[in-house]
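Engineer: As a plain string of letters, each chain reads:
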Amino acid sequence: MEQLLNCQNLTKRYGYKTALDNIDLSLERGRIIGLLGPNGSGKTTLIKLINGLLAPSSGSIAINGFAPGPETKKIVSYLPERTYFNSWMKVTDILNFFCDFYEDFDRNRAADMLRRLGIDENERLGAMSKGTKEKVQLIMVMSRDAQLYCLDEPIGGVDPAARDYILQTIITNYNEHASVLISTHLIADIENVLDDVIFIQNGHIRLHASVDEIREQEGKSVDALFREVFRC
Amino acid sequence: MAWILDDTRPIYLQIEDLIKTNIIAGVYQPGQKLPSVRDLAAEASVNPNTMQKALTELERSGLVYTQRTSGRFITEDISKMTELKEQLAREQIQLFLKNMEQLGLSRDDIRRLLEKEWREEES
Amino acid sequence: MLGKLIKNEFKAVNRLMLPLHLGLIVITIIGRFYIQFTVFNDPTWYLIAQQNVWYNIINALLIFFYVIALIAAALITWIYLSILRFRKNLFTDEGYLMHTLPVSASAHIWSKLIVSFIWQTIDVILVILSVFALFVNMDILRALPQGFAEIFRSFPDAFGVPAGVGIPLYLLLFTINSISGILIVYMCIAIGHSFNTHKILASVGVYVGMILVNNLISMIFSAVTGMISYGSSSVFIGTANNVPNAANFWLSWSFAMLLCLVTAAAGYLLSNYFMTKRLNLE
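Line by line, the protein sequences give chains A, B and C. Read left to right, the first sequence gives residues 1 to 232 (my numbering). Read left to right, the second sequence gives residues 1 to 123 (my numbering). Read left to right, the third sequence gives residues 1 to 282 (my numbering).
It is worth saying that the hints were derived from the structure and are not from the lab. Any given hint could be a false lead.
[Claimed, not checked] EDC-like, lysine to aspartate or glutamate: derived pairs with alpha carbons at most 20 Å apart: (1) C:88 - A:93; (2) B:53 - A:28; (3) A:133 - C:93; (4) A:74 - A:100; (5) C:7 - A:28; (6) A:17 - C:282; (7) B:53 - B:117; (8) C:199 - C:93; (9) C:11 - A:93; (10) C:11 - A:121; (11) C:277 - A:28; (12) A:90 - C:93; (13) B:85 - B:43; (14) C:11 - A:123; (15) A:90 - C:94.
Small disclaimer: the values here were computed from a predicted structure and weren't measured.
Isolated chain A, as found in the complex (with noise of 0.2 Å):
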């Protein structure tokens, strides 16, 4: 099978700043896999350069062996730092349309994760709290079969409860035919459910390792040997 992600040469520039330079990445199905890296450090440019929201400077993306495009973005499910539902909408609204758009997003499993979380179809968004939103938001990207998750920073600025609810999501809807990968500066709260990790640092891939063969090697926790690269 083609793989899943493929990065060759890939540099993002904004102006004179160089958010990644150069970088090649690939990574294969069946792997949850963090990104990890200090605030600025091209992170969420990847990201977005994967999705398709920025245009690379040079190099290239292949998806499934297609550039970011409408055929990638069926396979691709993406969770943002940012909520990006209009607040008029009702939660059935948004089922509504992800079910026009998206082939492959699984409308029970979507109800069934909302029921679980005691959260009214009716409701409209606008009268839920940040977390709530959240919580939604993350339903929807989960509910489809994709191949590649892309969660950008779900584990930013929520409490613990809802941290072990989105990890246990992730945990319950793996499959070995997709990959996760879920950007985060809080290594600690999700090392136990990563495969592999990818250290990246003002643009530059540090590290691309598994969690098994850090400890073996390392005999420490990924957290720990993170705090060694990037000591202040």
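Chains B and C: place on chain A using the hints.
Structural biologist: Frame of chain A, contents of chains B and C only:
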């Protein structure tokens, strides 16, 4: 509730040990069917691949076996269990003895203290 | 997918467009009743108007507010559909959802364009109907057929072509002009938002530049042909003394049409290019 794991060893090894402890403690009975990898992973709050790896290791040591269609089961072989129990006990004892040594206790001291402890517990 | 985009686009813009135009209809109906009972059905209204200053002031104010309401409805429709909706839905937070749908940029442009065009057409028709409904009475209705006949009869003298040819062609021109107007705004927004900073300023800058270029072309055309433009810069209804009316019509119409088609095509192609190859969401 997530299983409690430490930071230094690979997670799959720790999961393996936790399941072994559960088998000996009787949480999982001989011949009992194990939950699916996905459910176990969710219970432990770990990655399903990690859980899979731990279970594969357990299978290799013969404590868990797979029936192609119906899932994974705890072994019914009692000798395997005894063996495992002794092995784990040995590990604990070795650790204990090492700690005692560090405190500068001789074997006789250790024996004397142990017996004292037991007497107090009995009374 | 285009159909689904259009459906969802209508759902979103109808939330503003329906109340806005219902409001216009309600104002028209109230105004109509007011005029009906004060002017048309009251033979003494002229006397009152002469004697009572307040009566005049109130009427002047009412008419003023009505005109403001008409202009506001048209302006809000145009600004909301052409500028605000396009920008907000595709280039702010909502863009994170819209641009990750498995849909091409051209489908986004078409869906927005079609919905904008339909609502702007409805708006123009409703504004015309509103004015008509407010002031029409039996005398005007009776005079209408004659008025139309007059327009049709004098049309060839003014434009050099029969009304049956000229009116449809001008309607077509206005249609293409309004489409190209929308596409040009889209293009400016798409180009402006490919900048890293000052995205809105850049959009406005591109728009101003665009208008200048358009005016320059029209001016050159005027200078060459000696025609005076008195349409909008691209809808060019020119007259020149030394050219026969028919030639004048065809020349100015073809030129205006060409200009509209070229700007529309440029607007579409550049919007599409900047939304696929130069997308730069914050």
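Engineer: Could you run down the list of hints and mark each one as holding or not?
Structural biologist: Status of the hints after comparison with the structure:
no. : hint         : verdict
1   : C:88 - A:93  : holds, 19 Å
2   : B:53 - A:28  : holds, 18 Å
3   : A:133 - C:93 : holds, 14 Å
4   : A:74 - A:100 : holds, 12 Å
5   : C:7 - A:28   : violated, 37 Å
6   : A:17 - C:282 : holds, 15 Å
7   : B:53 - B:117 : violated, 41 Å
8   : C:199 - C:93 : holds, 14 Å
9   : C:11 - A:93  : holds, 10 Å
10  : C:11 - A:121 : holds, 18 Å
11  : C:277 - A:28 : violated, 27 Å
12  : A:90 - C:93  : holds, 18 Å
13  : B:85 - B:43  : violated, 24 Å
14  : C:11 - A:123 : holds, 18 Å
15  : A:90 - C:94  : holds, 15 Å
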